[in-house]
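**Student:** The residues making up each chain are set out below.
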Amino acid sequence: DTGVSQDPRHKITKRGQNVTFRCDPISEHNRLYWYRQTLGQGPEFLTYFQNEAQLEKSRLLSDRFSAERPKGSFSTLEIQRTEQGDSAMYLCASSLEVSGRSHEQYFGPGTRLTVT
Amino acid sequence: DAKTTQPTSMDCAEGRAANLPCNHSTISGNEYVYWYRQIHSQGPQYIIHGLKNNETNEMASLIITEDRKSSTLILPHATLRDTAVYYCIVRVKAGTASKLTFGTGTRLQVTL
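Chains A and B are the protein sequences, given in the same order.
Just so we're aligned: 95 in this note's numbering is position 95 of the first sequence, and the numbers increase by one with no gaps anywhere.
Just so we're aligned: 48 in this note's numbering is position 48 of the second sequence, and the numbers increase by one with no gaps anywhere.
Calculated directly from the structure, the hints in this document are not laboratory data.
Accuracy of the hints is not assured; some may be wrong.
[Unchecked claim] Negatives, chain B to chain A, calculated, CB over 12 Å:
1. P7
2. G15
3. T26
4. G29
5. I47
6. N54
7. E66
8. T79
9. R91
10. R107
[Stated by the list, open to error] In silico contact screen, one side only, chain B against chain A (beta carbon under 7 Å); selected entries:
11. C12
12. G43
13. P44
14. Y46
15. G50
16. S98
17. T104
Ideal Cβ placement from N, Cα and C applies to all residues, glycine included.
Take these sequences, add in the hints, and give me the full structure.
**Tutor:** This is the structure:
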């Protein structure tokens, strides 16, 4: 257990439905990352937050995806109008950024999304 | 971030040392070498990182060549629980460019 938790662990939804995932990072970590991983591939970066500010978004993050970290603690990732291609493992990670230097990222167990 | 090249898969007998190579010939002077692993159905786990000196921690050792174009992760006494996909990543440590760019990694199978 790394201290990063994600909820739910598994989600099955029908195409066209909206889904929301939650990530609770390690409490003192000011950076939070979202990654997506499809079968047989390494994780791909989606977006990250420094406290509550979303500082970078990948081209993979289409306009159907939105992420928030309202109080600089937990984060949510919402996917609207899900498509079968959204089926993947969604991973959250957190790290501590101090004086411009980034420390190791600690990953949660992931949320596995299946769109039918 | 620099691109890395790793073998697709490797086998290792339990109790023996597992040596996982990584090529990163285009690494820049300010880029570190990081290793993560991912056990089936879990999130990636940080193992070790280094800049140019060899590093050792309780999990593994990292050997970086003098020209920094390649490195080797060493698990000194592999166990069945070390069966996982191992990712070699190079990235800068400072500033906003701290996202991890994963390749497809090396699938290490530890056998009895």
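**Student:** To test your reading of the hints: which numbers does this structure violate?
**Tutor:** 5, 9, 10, 11, 15
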